[in-house]
Amino acid sequence: MTLEIVLVVAGALFSIGLFGVLARRNIIAVIMSLELMFNGVLVAAIGFSRFTVPAALVGASGDITESAVRASLTGHAFAVFVISIAAAETALALALVFAFYRAKQSVEITDASGMKN
Amino acid sequence: MASELTIWLIILLPAAAFVFNGIVLRWIPEVVVGPYRLTGKKSDLAGWLTVLAVGASFVLSLLALIKVVSDGAQQFEMHSWIAVAGVDITFGIMLDQLTAIMLVVVSGVSFLVQVYGIGYMHGDDGYTRYFSYMALFTASMLGLVTARNVIQLFVFWELVGISSYLLIGFWLNRPSAAAAAKKAFLMTRFGDFGFLLAILYLYSVDPSWLDIEAMYGAISGGMMGVSVASWIALGFLLGAIGKSAQFPFHSWLPDAMEGPTSVSALIHSATMVTAGVFLVARFFPLFEHSDIMFLVTLIGAITAVFAATMALVADDIKRVLAYSTVSQLGYMMFALGIGAYGAAVFHLFTHAFFKACLFLAAGSVHHAGGTFNMNYLGGLKNHMKVTYWSMVIASLSLAGIIPLSGFWSKDEILAHAFHAETSIGTFALAMGLIAAFMTAFYTFRAVFKTFHGEFRGGGDKEREDIEAAGGEAPEGLEHVHLGESPKTMIVPIGILAFLAIVIGFFANPVIDLGVVHKHAFSTFVVERNTGVFQDHDAQIKAGSEPEFDVIIATVSTILAVLGIYLAWIKRVAVLEGFIRITQPIRTLLTRKYYFDELYEDLIVSKLFYSYFANLVDRLDTSGLDNVNVQLYRWTDRAGRALAKVQDGQVQTYGIVSLVGLILAIAIFVVVAQ
Amino acid sequence: MSGAFDSGIFATIAFYVASALTIASAIIVVTQRDLVRAVVALAMSFVGVAAIYFILNAEFIGVVQVLVYVGAISILIAFAVMFIGDLANAGTLSQNRLVSAIAAVLLLASVIFVAYNTDWTAIDDVTDPDAVAGLAGRYEVMSSDSDDAVIRAVDAGAEEARGGALVDGSSHIGPFLIRELILPFETLGLLLIAALIGALIVIRGRREDDAA
Numbered sequence: 001m002t003l004e005i006v007l008v009v010a011g012a013l014f015s016i017g018l019f020g021v022l023a024r025r026n027i028i029a030v031i032m033s034l035e036l037m038f039n040g041v042l043v044a045a046i047g048f049s050r051f052t053v054p055a056a057l058v059g060a061s062g063d064i065t066e067s068a069v070r071a072s073l074t075g076h077a078f079a080v081f082v083i084s085i086a087a088a089e090t091a092l093a094l095a096l097v098f099a100f101y102r103a104k105q106s107v108e109i110t111d112a113s114g115m116k117n
Numbered sequence: 001m002a003s004e005l006t007i008w009l010i011i012l013l014p015a016a017a018f019v020f021n022g023i024v025l026r027w028i029p030e031v032v033v034g035p036y037r038l039t040g041k042k043s044d045l046a047g048w049l050t051v052l053a054v055g056a057s058f059v060l061s062l063l064a065l066i067k068v069v070s071d072g073a074q075q076f077e078m079h080s081w082i083a084v085a086g087v088d089i090t091f092g093i094m095l096d097q098l099t100a101i102m103l104v105v106v107s108g109v110s111f112l113v114q115v116y117g118i119g120y121m122h123g124d125d126g127y128t129r130y131f132s133y134m135a136l137f138t139a140s141m142l143g144l145v146t147a148r149n150v151i152q153l154f155v156f157w158e159l160v161g162i163s164s165y166l167l168i169g170f171w172l173n174r175p176s177a178a179a180a181a182k183k184a185f186l187m188t189r190f191g192d193f194g195f196l197l198a199i200l201y202l203y204s205v206d207p208s209w210l211d212i213e214a215m216y217g218a219i220s221g222g223m224m225g226v227s228v229a230s231w232i233a234l235g236f237l238l239g240a241i242g243k244s245a246q247f248p249f250h251s252w253l254p255d256a257m258e259g260p261t262s263v264s265a266l267i268h269s270a271t272m273v274t275a276g277v278f279l280v281a282r283f284f285p286l287f288e289h290s291d292i293m294f295l296v297t298l299i300g301a302i303t304a305v306f307a308a309t310m311a312l313v314a315d316d317i318k319r320v321l322a323y324s325t326v327s328q329l330g331y332m333m334f335a336l337g338i339g340a341y342g343a344a345v346f347h348l349f350t351h352a353f354f355k356a357c358l359f360l361a362a363g364s365v366h367h368a369g370g371t372f373n374m375n376y377l378g379g380l381k382n383h384m385k386v387t388y389w390s391m392v393i394a395s396l397s398l399a400g401i402i403p404l405s406g407f408w409s410k411d412e413i414l415a416h417a418f419h420a421e422t423s424i425g426t427f428a429l430a431m432g433l434i435a436a437f438m439t440a441f442y443t444f445r446a447v448f449k450t451f452h453g454e455f456r457g458g459g460d461k462e463r464e465d466i467e468a469a470g471g472e473a474p475e476g477l478e479h480v481h482l483g484e485s486p487k488t489m490i491v492p493i494g495i496l497a498f499l500a501i502v503i504g505f506f507a508n509p510v511i512d513l514g515v516v517h518k519h520a521f522s523t524f525v526v527e528r529n530t531g532v533f534q535d536h537d538a539q540i541k542a543g544s545e546p547e548f549d550v551i552i553a554t555v556s557t558i559l560a561v562l563g564i565y566l567a568w569i570k571r572v573a574v575l576e577g578f579i580r581i582t583q584p585i586r587t588l589l590t591r592k593y594y595f596d597e598l599y600e601d602l603i604v605s606k607l608f609y610s611y612f613a614n615l616v617d618r619l620d621t622s623g624l625d626n627v628n629v630q631l632y633r634w635t636d637r638a639g640r641a642l643a644k645v646q647d648g649q650v651q652t653y654g655i656v657s658l659v660g661l662i663l664a665i666a667i668f669v670v671v672a673q
Numbered sequence: 001m002s003g004a005f006d007s008g009i010f011a012t013i014a015f016y017v018a019s020a021l022t023i024a025s026a027i028i029v030v031t032q033r034d035l036v037r038a039v040v041a042l043a044m045s046f047v048g049v050a051a052i053y054f055i056l057n058a059e060f061i062g063v064v065q066v067l068v069y070v071g072a073i074s075i076l077i078a079f080a081v082m083f084i085g086d087l088a089n090a091g092t093l094s095q096n097r098l099v100s101a102i103a104a105v106l107l108l109a110s111v112i113f114v115a116y117n118t119d120w121t122a123i124d125d126v127t128d129p130d131a132v133a134g135l136a137g138r139y140e141v142m143s144s145d146s147d148d149a150v151i152r153a154v155d156a157g158a159e160e161a162r163g164g165a166l167v168d169g170s171s172h173i174g175p176f177l178i179r180e181l182i183l184p185f186e187t188l189g190l191l192l193i194a195a196l197i198g199a200l201i202v203i204r205g206r207r208e209d210d211a212a
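Quick note, the sequences are listed as chains W, R and V, same order.
Counting along the first sequence from 1, when you hit position 30 you're at 30 in the numbering used here, and nothing is skipped either side.
Counting along the second sequence from 1, when you hit position 11 you're at 11 in the numbering used here, and nothing is skipped either side.
Counting along the third sequence from 1, when you hit position 159 you're at 159 in the numbering used here, and nothing is skipped either side.
These are calculated hints, taken from the structure and not from any lab test.
There's no promise every hint is true.
Said to hold, decoys possible - Example chain W residues on the side facing chain R (calculated, C-beta under 7 Å, incomplete):
1. Ser-113
2. Met-115
3. Lys-116
Claimed, not checked - If you want the ones that stay clear, here's a sample from chain W, every Cβ over 10 Å from chain R, calculated:
4. Met-1
5. Val-41
6. Phe-48
7. Thr-52
8. Ala-56
9. Thr-74
10. Phe-78
11. Val-82
12. Ala-91
13. Gln-105
14. Ala-112
The C-beta atom is built at its ideal place from N, Cα and C for all residues, glycine as well.
Only chain W is shown next, with the shape it has when bound in the complex (with noise of 0.2 Å):
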């Protein structure tokens, strides 16, 4: 097991939840979608989070801080962050395709036209 085939699987993740974002029609398959790449991107932090050292740590010399080597978790850090706000994202989303539903009717995102030139 290594880096590079989990970055290769985040990777995979993320580019069938870019597909979807871009190719779906209803609003909130791409909402769905789009939680998709969110776990894609994670997969991805977590992976460099087991597989790398912290550069404080790399030819260090003198004396070694706990903070240093806390440092390896940053990914995890990520990960509890954006998981988060990804699940408030989600919520206001859909928030948002209710009130577009009132206003439009539907849930195309084809309708969703207002920047239209």
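Fit chains R and V to the supplied structure of chain W, relying on the hints for placement.
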């Protein structure tokens, strides 16, 4: 007395009159003092100023002539005109014998015509304009004959053309006049094109040869090659043919009779049309050095007869005179062509006087009879004696009856042709004799038809007839008032008639007259013109020792008398059979050999407009314009295609960003490699 | 190596299985027309991702993933689907699909290319014994102050750090968040409040008794 300033004044005084009349007087509102209008569009003051200016020019020209007679050709400095980056064009005054004579002729005839004009144009709405244009023309012609640099000459040449255009189309409300003016200008323009090409070629060979004196020097010094001279001379000849209405550029002159008669008298008899002859004379050494003299002779001889044939059947007096002018110019051309420089210039000199007289008399006839159409005239000799006798005298001179001036000059030309000993000279002689016969005939046909017999109604009757036939009467028809014309018109006619009698004999007598030496004119123009003629043989050929050939004199006189007699007979007893037989010939002549049809219908309309202009138009639309159109379509399509990106769809924007990102990654990766 | 899940072969196989599950579920999510099936597949993929987290020794994150994603987000989306997901044309793919597919494939290709061509930091470069021991979890605190603590290896013959990263992530993530990342942590709380209020406002919409 003949300082350079004097010569410049000769040109500038009429020019000043033009400026003042045209710009100041014409546009100032009317100021009337007594019976005379001082300003505005019918200003009498304009007329007086022009007369005064031209008169002053005439006096100064006489002084210049005297100086040249006594002291020979005058040399003046050249002034720098354009001096930039390797181009150095000078200008200046040339006052040799030819110029001196031309100055006197131009200013003299112009002066008489201006005086005539005061009476003739009285009451016309464009009076001020007329006199301003007349002044312009006179100034231009005077500038032309004194030009020292070829380009300077060309400038005045064009000015003369413009003045002619303005004067032919003088009556603004006549479309026929406008058409005639345009035709004249365009046709002469065509010749001018050849002239200009020759100038450019000359410049490219040696820029210093633009100075005419320098050119003379180069030719006599053998520095100019024969083929170079031939090409340049050819171009100059084209210009001369255009301006002097020689075949095949003759068809503008009859139409130019649309202008006022005094204009015809000045421009189309004595001065502008002689500019072509003057050009050949001025560049005589060049023409002699080239190979194309035979062409000059050929064209001149053909024109002499060609125009005369058309005069035989013309009904309009002015047309007869116009064709006659063309024919006489042909004489002058072929005289130059066979090398008879002196004879040609002498004929130019005498012709100016009697032709101007004839035209002015025609104007007088119109004043009384209301029309120029001889079919409606007749019997005028009892009503206008001075006009009648002046016209008879001038016609006799034109026909070449001894001892009038026309005889001496025409005879000299024929004598030279007789002695030329070349085939082209013999051809010219034959043509000249035929034309002499015809000239006598048609001139007196005109005289008899206009002045003898019964008066056939004049302008009033003609108008009646035209309107009865359902047509519209042309503008030129006036009412009849039978009687002699006012003094301002009669006096110039009389003076010119007098000159037509005496000037020939007294300027170039065949015997020594004490004050005037034998062959004074010819010797003056040829022998003493050492600028142009530098060796004795050339001088003789050019006519410095003209022989009075009894044979030729007799033959030409007989022909002339025969012609007059036939004209008399035709008047009295109509030769029915003769007329019937010659009817097809008559048609050919009346339709002017269909030349107008050839030029206008065939060449211009069909060839040029339909074919060539169409072709260019299609090239332009499908070629050049098309580039524009295609460019527009392309940008439109590109724009539309790009606009599709902005469709307001989130996913589209997402794709676009993604593509950009991928590209960025790719570039980054490639660069990092 | 420490930890039962860390034995080479077992972990590798498990990883492949979990990845396959995740990716297959993801594909179902993006291609299924029926949104209900898509939601279920989404949940499945979340579970698969959680499994991957466990295999990668991120146990805490794995649990959080299950709790939040599978337990809350999937349910939320399921509710949304139940309300308004069932309309016509709900799940079809738009006309962009070809371009999107190509773009996604290209992106994946570039990710793979970059992943395999980059020299990731060598984990063998950690030479300091204290650092190694620290990563392996076998250390003692020498001195500490309010911010930080200096550590020393407990015994010199400590086992190598597993693969390089900290062995017991779960027990150290807490102090990490509270000490080094306290500011983002509290802000996150603030953000959650804001999201809550925002969602309520958006849902509420405009009412007649609202001031303009």
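_So, against the hints stated earlier in the document, which numbers end up violated here?_
Failing hint: just 14.
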